[in-house]
Amino acid sequence: MLKVYGIKNCNTVKKSLTWLETNKIPYEFYDVKKQVLNESILDSWMNNMPTPYNWETLINKTGMTWRKLPETKKKMKLDINKAIKLILENSSVMKRPVILKNDKILTIGFDESEFNQKIL
1 MLKVYGIKNC NTVKKSLTWL ETNKIPYEFY DVKKQVLNES ILDSWMNNMP
51 TPYNWETLIN KTGMTWRKLP ETKKKMKLDI NKAIKLILEN SSVMKRPVIL
101 KNDKILTIGF DESEFNQKIL
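Quick note, the sequence shown lines up with residues 1 to 120 if you use our numbering.
Derived by calculation from the structure, the hints in this document are not laboratory data. A hint or two may mislead.
[Said to hold, decoys possible] Cut-off 27 Å, straight-line C-alpha distance, at most; resulting in silico cross-link-like pairs (DSSO-like, lysine-lysine):
| id | residue 1 | residue 2 |
| --- | --- | --- |
| 1 | 118 | 24 |
| 2 | 14 | 118 |
| 3 | 68 | 85 |
| 4 | 33 | 77 |
| 5 | 61 | 15 |
| 6 | 15 | 101 |
Produce the complete structure using the sequences and hints provided.
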């Protein structure tokens, strides 16, 4: 069964969940606003990213949360540890959804062609 990490009211997550339900793909949903991500989970994700992703993919620099961050945070040079800390401080800065299969990242975000290829 797939594990989907996201925020219920996020439009991209909604599209992803609708796609999964339409295609009758079973999943477990984890709301990162309610079920706190921890350092161990994020460290595992960031250090085991499948191609074409890398750890920076998890930081959504186009979202409202990123735009509202203080300039000092936006300008700091991120590395894996700082990215983990940033997501733990504000889970909304994470690109969503993160979909796992067998506890390994399958997709990040929603791209229908990628879903068709990797999930169906």
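Taking the hints in turn, this is what the structure says about them:
With a CA separation close to 15 Å, the supplied pair residue 118 and residue 24 stays within the 27 Å bound. About 19 Å separates the Cα atoms of residue 14 and residue 118, which keeps this hinted pair within 27 Å; it holds. Taking the CA atoms of residue 68 and residue 85, the gap is near 17 Å; set against the 27 Å cutoff, the hint holds. About 25 Å separates the Cα atoms of residue 33 and residue 77, which keeps this hinted pair within 27 Å; it holds.
The hinted pair formed by residue 61 and residue 15 meets the criterion: a straight-line CA distance of about 20 Å does not exceed 27 Å. For the suggested pair residue 15 and residue 101, the alpha carbons sit about 19 Å apart, so the restraint of at most 27 Å is met.
Of the numbered hints listed earlier, not one is contradicted by the structure.
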